[in-house]
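Chains as they are written, first to last, in full-length UniProt numbering: chain A, 1 to 331; chain B, 1 to 331; chain C, 1 to 225; chain D, 1 to 225.
Incorrect hints may appear among the rest.
[Unchecked claim] Here are the computed lysine-lysine pairs in the DSS-like style, where the Cα-Cα straight-line distance is at most 27 angstroms:
no. : chain 1 : residue 1 : chain 2 : residue 2
1   : C       : 80        : C       : 52
2   : D       : 135       : D       : 80
3   : B       : 228       : A       : 228
4   : C       : 80        : C       : 135
5   : C       : 80        : C       : 107
6   : D       : 135       : D       : 107
7   : A       : 2         : B       : 2
8   : C       : 135       : C       : 107
9   : B       : 2         : A       : 228
[Claimed, not checked] Under 7 angstroms between C-beta atoms, here's a sample of chain B residues computed to sit facing chain D:
no. : residue
10  : 77
11  : 201
12  : 331
Derived by calculation from the structure, the hints in this document are not laboratory data. Note that the Cβ used here is the ideal one computed from N, Cα and C, for glycine as well.
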Amino acid sequence: MKKLLNDPENAVADSLAGFALAHADLVQVHHDPTYVTRVGGATTGKVGLVSGGGSGHEPLHTGFVGDGMLDAAVPGAVFTSPTPDGILPALHAADGGAGVLAIVKNYTGDVLNFDLAVELAEADGARVATVVVNDDVAVENSTYTAGRRGVAGTLCVEKIAGAAAMQGGDLDDVTRIAQHVVDNVRTMGVAVTACTVPHVGGPSFDLPDDQLEIGIGIHGEPGRRRVKAVPADEVTQMLLDPVADDLELSPGERVLLFVNGMGGTPASELYVVYGRARRLLEQRGVTVARSLVGSYVTSLEMQGASVTVLRLDDELEALWDAPVHTAALRW
Amino acid sequence: MKKLLNDPENAVADSLAGFALAHADLVQVHHDPTYVTRVGGATTGKVGLVSGGGSGHEPLHTGFVGDGMLDAAVPGAVFTSPTPDGILPALHAADGGAGVLAIVKNYTGDVLNFDLAVELAEADGARVATVVVNDDVAVENSTYTAGRRGVAGTLCVEKIAGAAAMQGGDLDDVTRIAQHVVDNVRTMGVAVTACTVPHVGGPSFDLPDDQLEIGIGIHGEPGRRRVKAVPADEVTQMLLDPVADDLELSPGERVLLFVNGMGGTPASELYVVYGRARRLLEQRGVTVARSLVGSYVTSLEMQGASVTVLRLDDELEALWDAPVHTAALRW
Amino acid sequence: MTLDADWAERWIRRTADAVADRRDELTELDREIGDGDHGENLVRGFRAVVAKLDARRAEVDGSGAGGPEAPPRLVGDVLKLTATTLMSTVGGASGPLYGTAFLRAAKVTGHETIDTRGIVAMLESALDGITARGKAEPGEKTMVDAWTPAVEAAERAAGEGDEADALRAAAAAADAGSTATIPLVATKGRASYLGERSAGHEDPGARSTALLLAAAVDALGEEPA
Amino acid sequence: MTLDADWAERWIRRTADAVADRRDELTELDREIGDGDHGENLVRGFRAVVAKLDARRAEVDGSGAGGPEAPPRLVGDVLKLTATTLMSTVGGASGPLYGTAFLRAAKVTGHETIDTRGIVAMLESALDGITARGKAEPGEKTMVDAWTPAVEAAERAAGEGDEADALRAAAAAADAGSTATIPLVATKGRASYLGERSAGHEDPGARSTALLLAAAVDALGEEPA
Ligand SMILES: Nc1ncnc2c1ncn2[C@@H]1O[C@H](COP(=O)(O)OP(=O)(O)O)[C@@H](O)[C@H]1O
Ligand SMILES: Nc1ncnc2c1ncn2[C@@H]1O[C@H](COP(=O)(O)OP(=O)(O)O)[C@@H](O)[C@H]1O
Ligand SMILES: [Mg+2]
Ligand SMILES: [Mg+2]
Ligand SMILES: [Mg+2]
Ligand SMILES: [Mg+2]
């Protein structure tokens, strides 16, 4: 394993230290326990937004702390949910008196640790609502799994709920909007290569040079199935079709199309996937009204991509367009 | 080789097609010959800015076409300079009557092809100035080489010259500013892994699992020397010291610190490098007044990073801060 | 054999050693059907618990406490310290699960020593905590598949033997239960994302449960330092 | 043996075949000390030239031209078409260099046939074009190290032999010149970035020059179709 890291045990801390220095105008990084807050702290009267999860998905979530998105983020160890002692002060720091929305990706660890922290925060008198993001269509949403995972669609939830909070929505409004995004966003991903967790030192799975993993999560776990490597157009179809089918998109609908890189994918390849996904949507009579292409919800240096579709309505479109100023997303 | 591509021969065209669709509000992509222009074409009375070079460095240059940066970009085949027949119409398209500045990275191929195109444009009556970016300190700037290469510092030249043009500078002003950036920006890079050019199908060099290439360019070429893999802090020092020494930075000076990923590097690692580079600069008494961290000038999916330092003065600082709205850089 | 706070402390310290020794094995199991961090998570967590135990011991020694006038040391105190420390240092799914297990176990072990029935109650409470939080049932290929037979075996052994017999029976059953997860298809936790592909691999949390209970047995064999 | 426009066309077509056949070898040489695109660049460029030659031929055939009343076909016309096409399709360093070489060569070959002195003039002009544009001198490990001995050998051979001898001598010298680049340290082009590490590898542009001139010789052996 070769990485631009020092002691693998300190990978997260070292990276956060650099992040804090580079974005001192936007964020403040707290240590022992670790959490990241917006500079200036909670905005009085605004609903606070907190998210968090294992590290290794950067810029998610720390890169989305700032105006119009998150008030605090809690990074765990690499691919490991953060613990309640980090989540709890983040919930308090984000609380401007109007309550806090916790945005949790659906993984057993994230859900359990956030649950514990929310219980503790409520015991302290805080008002906390939770939305659980579960956009990954690769996993059956049934009693036979821990439920669908939260993956790249989380960005859409954080951006749009962040805008709703910025515009003065109360905790119920912001929670409703966030849940509305969750209900209308779906994702499916592919791995071209595995990734290597620093303290593990070896690849997260062994993927032969002529195979792809379809239906991956964002923790370097293997996907739902392995297929022979095929051209990008075919791969894209394997991702887009289940997403569009699951959303039951009808002709005439408007969507946001988000092609996300897994960390090690060149931008040029993401645009190839985007172009194909867009044509497939257009063939279904669906209008791509908003787009995002880039590596935002990653698995370390994994090569691969995910395709996310969010069904839009006027409200979501306006909130997506609202200004945002964070380290990783800005307009 | 596994990549999210279709026919490797069409990699550039496929990617540009997706790019055009994703950023139709910003850019227009022309084919046969290939070049990319700002939507709306040349701004009357504004100096036009054109850059270009081999593909595979995305978002450079196409991702920097837009308000406050480039008016046109000319992508060649992967890692191959574009040809004059693509550069010529780009020069004309960027010409709003106030002349055009061509920003050329110092590679024999780029310089020769731009030279040819500029000769042809001038024969058509256009007024074209050229600046050659050569920020790579890994290469001795002597008669024993083709001169220093243009690498990540190109972003600084394009951003700052773009702002100068936007603010109404004439061709001489904009050229002077661009040259001023060139004179004050230096870069050095490291490869952790090689990259694979699509139509080649194999890695650009063979790098054993315990070695790094120090002093690489951005075309997957080997570096100046190979070193045993060492922690990020040491690697960063090998990059930062030659840069700072070459700039002859004195205590009290203010700089922009730009840590650039080579395409396959996780953001978390770039921040580790940034943190260390910043501390090293501070130890020299130098103030990091502006920062940029991200994968902007890449070599396909290569893992690695480069450290760029730009000596700032009030003029450069203000131009850096000026608004920019492109696919890849926006504030 | 006295199952007192010293035994509990030895249990936790031996668990810390065991997960450190077997870290790569746990990591590899989790790499196969999860995300490869289970070994690291537990090593980090139990190392933190040991550090707290050391600190507390240094405090007690420094204050001259621990003499005849010292307040009684309760088994449950050790388990509670373990619980809160695991919750705040392990992360992942296993952190809240083991944390809750030890918290519930602490609640029924607030005594200077525990007997055979105490052992059974402790294990039952731990399992209840895990299922209350994680909602997994036996057969879903989780740590519940090691804890459930462990509790049952302890109950059976408690009818005929002493506390050591109960612990030994629990540990042996957890080990067998963990091995028995191999053919299962996971329907809880990360491994469930793999569907059928999760079959043929042992559940990492079940294996760490077996290590934990084996350490409880090992801790019997040593008298306090 | 007549060195006319048909010969020039055969030369270019054979070059296209040669770079396609040897593409991987050129790529590999460029991968070692450059950026691995030289083979691809030349294949793309010469394929485009062949397409233009085919198109022109189809036009001529279609128009019924080429009969006794057709305008004379000049060697230089073929070379000029080659020059402009290479310039607009090859890219990289070699595109402008080969483009300029053929453009200069075309300027001195505006004849229906060329003789021995014409061959020497053509090669000299090509080399002049390359050095005018690329500013490389012999010994810098570039294509100049194949062209320079080629020109010298053609001049020598022209004193004693015919145009075929001159071409053969040029091709042989280019081949030897290319091989002789192996020990050199590059001081021009991409390979110069490697400094000392460039020694021990053959220059890809020198090798493609040798292929180009070998194709000119091969083209002698065939009469027009
Ligand atoms: N709902 C659940 N109930 C009981 N145990 C569970 C549950 N979900 C996961 N586990 C256990 O947690 C183990 C994984 O722990 P760990 O790797 O530390 O956390 P994560 O899965 O978050 O990476 C699994 O092997 C399994 O035994
Ligand atoms: N200044 C120069 N003068 C003559 N030949 C040169 C010069 N620079 C480069 N070359 C030739 O160009 C060849 C490389 O061509 P190519 O790989 O197509 O372009 P690039 O280097 O831009 O990728 C080198 O092998 C060398 O022979
Ligand atoms: Mg985990
Ligand atoms: Mg090239
Ligand atoms: Mg795990
Ligand atoms: Mg080359």
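Checklist entry - Any hints this thing doesn't respect? Which numbers, in order? => result Numbers 3, 11 and 12, in rising order.
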